[in-house]
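Chemist: As a plain string of letters, each chain reads:
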Amino acid sequence: MEEKVSEIVQGYGGDKSYLVPIMQDVQKEFGYLSRDALTAISANLGVPISRVYEVATFYKAFSLKPKGRHHISLCMGTACHVRGAELISGNITDMLKIKDGETSADMEYSFETVGCLGACALGPIIVADGEYHGEMNIAKTTKLLKKLGKKV
Amino acid sequence: MTIKIKSFGELKELQEKIKAGRDPRKPGITLCVGTGCLAHGAMKVADAFREEIDKRGLSVKIDFRKTGCHGFCERGPMVIISPENIFYQHVKVEDVGDILEKTILKGEVIDGLLYANPQSGEKYVHEDEVPFYKLQTRTVFGMNSKVDPKNMEDYLAVDGYSALAKALAMNPEDIVREVVTANLRGRGGGGFPAGRKWEETSKAKGSPKYVICNADEGDPGAYMDRSLLEGNPHLVLEGMIIGAFAIGSSEGYIYVRNEYPLAVENINVAIKQAREAGLLGENILGSGFSFDLKVNRGGGAFVCGESSALFASLEGRAGEPRAKYVHATEKGLYDKPTNLNNVETWANVPFIIQNGGDWYAGIGTDHSKGTKIFSLVGKINNTGLVEVPMGTSMREIVFDIGGGILNNRKFKAIQTGGPSGGCIPEAYLDMPVDYDELTKVGSMMGSGGMIVMDEGTCMVDLARYFTNFLASESCGKCVPCREGLQRMREILVDITEGRGQEADIELLESLGASIKDGALCALGSSAPNPVLSTIRYFRDEYEAHIKEKRCPAGVCKALITYSVDPAKCTGCTLCAKVCPVGAATGEKKKVHAIDPDKCTRCGACKESCQFDAIIVR
Ligand SMILES: Cc1cc2nc3c(=O)[nH]c(=O)nc-3n(C[C@H](O)[C@H](O)[C@H](O)COP(=O)(O)O)c2cc1C
Ligand code: SF4
Ligand code: FES
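Residue numbers (numbering that gives the first Met the number 0), protein chains in the order written: chain A, 0 to 151; chain B, 0 to 616.
Since the hints were made in silico from the structure, they are not lab data. Just so it is clear, the structure is predicted and the values come from calculations on it, not from any experiment. Ideal Cβ positions, reconstructed from N, Cα and C, are used throughout, including at glycine. Be aware that one or more of the hints could be misleading.
Stated by the list, open to error - Sample of chain B residues lacking proximity to chain A, with all beta carbon distances greater than 10 Å (derived): (1) Glu15; (2) Gly56; (3) Gly75; (4) Asp218; (5) Ala221; (6) Glu258; (7) Arg321; (8) Trp358; (9) Val440; (10) Gly448; (11) Ser562; (12) Glu606.
What the hints assert, rightly or not - Short derived list, chain B residues pointing at chain A, Cβ under 8 Å: (13) Phe63; (14) Glu73; (15) Gly111; (16) Val263; (17) Glu264; (18) Asn267; (19) Gly298; (20) Arg316.
Claimed, not checked - Derived pair list, reagent style EDC-like, types lysine to aspartate or glutamate, alpha-carbon separation capped at 20 Å: (21) Lys556/B <-> Asp93/A; (22) Lys15/A <-> Glu508/B; (23) Lys597/B <-> Glu28/A.
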C-alpha cells in the first residue's frame, strides 16, 4: 500500500495542489480510503493529515469505508426525481435493508444516490456495477436486484 | 495525427487536404455514442456495424463515424445516413444488417426506424424535417453530429481552428472588443458579460494569468456542458486558446465533474492531439504565443462550481467559497488574475471570432444574444438538448420542439435555473426566454436546465427536494446558509409529512428573505428561490398540505392513500402479486382491495396496473 501510494504521488510529481486527483487515484486503486491510505498520502505529499481528512470528508466522491461487491447508484437528479426516482429508492431500501450511502453487513451491496448522470432522457436511471439501466421503475428494479443475486 | 502545423498557411493546407480526401457523395453512417445513447446500448450497435461492414467488405465504400450527443437522447441509439441525411431512431443490433442491405446498398428507406410524431403519427425521413430539429438553430451544438470527438481530422474538415488562426493574427484588444460587441453573456449561471471579464483580466496586474473552463455542471438535470465537452472537445479548446491569447494567459485548467468519465477521456485525447499538432503548447501555429492546459476532475461537490470554491478545489483544498470584495479577474487561482468561463461560453467564442461580434449581436433579444442550449427534461415527450435563439418562447420550446407533455397529461410548471432557479406556471408559457425575462418571473437562466412537470408533480415536494439538495451541498462556512437551509428543510419535511402548521408559509418566506440577504456565496443567496417561487405560484398547494393534510398531486406519502377503482378493476390479480407487503388482495376476476393499514405506499401496484384502476388520493 505504502508503495502504491508513493507511486501515485510521484506520478503527480509530488505536487500538493494535486491532492484531490491523488486521492481519487488512491481510492480507485483500493476501492476506498482507509486510515492507512490517508496517512500514507499525508506522509508522501507532506500535507498535514488534518488537511487530507478535511478533503476526504468534504467531497462526496470519497469514501472512508469499504464498498460492497455490487455497487448500485440511483440517479436523484431533478429529471429523475420528477419521474419517480424516490419510489425506486424506497424499493431498494426495502429490498436491501440499507439506506443511501450504506453497505450491507455481508459486504454484498452498496447503495448510493447521485446527482444527474447526464442521461436524463432515460430517467430514472440506475447504474449497477458500472452498467446503465434506463427507464427504471419499481418492478424493473426488483428484477435487477434479483439478477444481482438478491434473494427475496 | 503527428504532423506539427507550423503556420496559418499550413493549417489551411491541411484542412483543404483533409476535405479533398473526403467525397461528399460517399455513403456514410453516423452513430451517436454520447452518454445517453450509450445507456440505450449504442456501443453494441457500433460493434455490430463494424462487424457487418467488414463482413460485407464495405469498409472502403462507406464511412462509419461514431459521434457525441446529437441532442435527441429520447430516441437513441440514433443513426444518420449521409449524404441523404436519413434519420433512424431506436436502432437495435438486429437492424444493422437491414440498414446496410436496404438503405446503403439499395437506397431504400426503412419505415420502421423512422421517427413518428407522437401526436399526429406523421413520419419523417430526413433529420432536418423532424420537428425537434427543424425548429432549432443549432449553431454551437450542430457540429456534434459531424465530428468524431476522438478524431481531430473531423474537426479540421469543418474548418476547425480557423477561428484560432484568425484570432492569432489579430490584436488581443481587438479580440476582446469583438466579444464585447457580441455581448456574449456567461452560460454557467450568472450571465455576466464575457467580454467585460476578459477585459478586466487582461488589464489586471500579475502573472501568470489563468484561464479556466468550468465543466463542473452541478445542476442536476442539465447536461449540455457534458455533451459539448464529450462530443466536440476541440471546439471548447479552440475557444479557450483564443481567450488565453486575448487575455495574455499562458496556463489554463479544465475543471470537469467526476461523474463524467467520457468527457474527461475525450478532452484529454483532444488536448494530446492539439499539442502534437502544435495548436497547444509552445509557439502555437508559429505565432510565438504559448499556452497549455491541464484537466482536473472535481470531487463531487455542487459548491465547487462556484468560482472561488472551484479555485480552492484546484489548489487541492476543500471547496469553500470566499467573500468577493476582490474580483477573481484580479486575484483568483493562487491569487493570480483568473478568467473563469463556462464550457458553453467558451464554445461560442470561435463562432464570434469567425463571423464577427456584430453577426452574433444580431441573434437573440436586446440584452441576451446568441443561441442557448437548453436541457429539456422531465415529463416531456422529446427529452433532449435543444438549441434556440435567445427570446424563443417557452411554449415553442415545450410544445413545438419538445412535443408536449408525456402521456398527454396536463402541463403544470417548468423549473428553470437548477437548484438556484424557480418554477414558472402555465400563465407564463408565452414569455420569451432570456436572462432578464426569467429573472422577472422569479426564476433564472442558470445553466439552461428546463425541467417540465405535469399535474403528477407536487410542488411542495419539489421545493423540499431542492432544499434538501442544497442543504446537503452547503459547504457550511456561513450561518445563514448552513443553519437556515436546515430549518427550511425541516419545515418542508413537516409540511409534506402532515405536520405543517398555519404560520409555516410565512416563516418560510421570512427565512428565505434572510438567507438571501445574509449568505456569503450565491449557493446560499439563491437557495430559497425554489421555495419562494413555488409559494408565489402554488400557494394553494402548500395550503392543502397544511390545512387539509392533503397532497393534491398524490405524491407525499404521509398524506395519501391507495385504493382500487371498482369501475376500472378487472381482477387481473397483478397488484396482489407485486405488492411486497400483501396489502393488495382479491380473487381472480373480482374487484381487488388495498388494506390501508398494511399499505406502505410504495407505488408498486399503481405502476403495474394496466387499467389505471389504482387511485391515489
Ligand atoms: C453554487 C454554484 C454552483 C455553480 N455551478 C456552476 C457550474 O456547475 N458550471 C458553471 O459553469 N458555472 C457554475 N456556477 C457559476 C460560476 O460561479 C461562474 O459564474 C461561471 O462559471 C462563470 O462562467 P460564465 O460567466 O461563462 O458563465 C455556479 C455558481 C454557484 C454559486
Ligand atoms: S452560502 Fe452556503 S455554500 Fe456559500 S459559503 Fe455560505 S455556507 Fe458555503
Ligand atoms: S436527472 Fe437523472 S440522469 Fe439527469
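Chemist: Run every hint past the structure and note whether it holds.
Modeler: Cross-check of the supplied hints:
1. Glu15: holds, 36 Å
2. Gly56: With a cut-off of 10 Å, glycine 56/B remains clear of chain A, as the shortest Cβ separation is near 34 Å.
3. Gly75: violated, 7 Å
4. Asp218: Aspartate 218/B not clear of chain A: closest Cβ-Cβ about 7 Å, inside 10 Å.
5. Ala221: violated, 7 Å
6. Glu258: Answer for glutamate 258/B: violated, closest chain A Cβ roughly 6 Å.
7. Arg321: Holds, because the least Cβ-Cβ distance between arginine 321/B and chain A comes to about 15 Å, which exceeds 10 Å.
8. Trp358: Holds: least Cβ distance 31 Å, greater than 10 Å.
9. Val440: Holds, since 19 Å exceeds 10 Å.
10. Gly448: violated, 7 Å
11. Ser562: holds, 18 Å
12. Glu606: violated, 5 Å
13. Phe63: Interface hint status for phenylalanine 63/B: violated (23 Å vs cutoff 8 Å).
14. Glu73: holds, 5 Å
15. Gly111: violated, 20 Å
16. Val263: Because about 11 Å separates valine 263/B from the closest Cβ in chain A, which is outside the 8 Å limit, the hint is violated.
17. Glu264: For glutamate 264/B, the interface hint is violated, since the closest Cβ of chain A sits about 14 Å away, which is over 8 Å.
18. Asn267: violated, 12 Å
19. Gly298: Since chain A brings a Cβ to about 3 Å from glycine 298/B, closer than 8 Å, the hint holds.
20. Arg316: Interface hint status for arginine 316/B: holds (7 Å vs cutoff 8 Å).
21. Lys556/B <-> Asp93/A: holds, 15 Å
22. Lys15/A <-> Glu508/B: violated, 44 Å
23. Lys597/B <-> Glu28/A: Answer violated: lysine 597/B to glutamate 28/A is near 46 Å, above 20 Å.
In this structure, the earlier hints numbered 3, 4, 5, 6, 10, 12, 13, 15, 16, 17, 18, 22 and 23 are contradicted, and the remaining ones agree with it.
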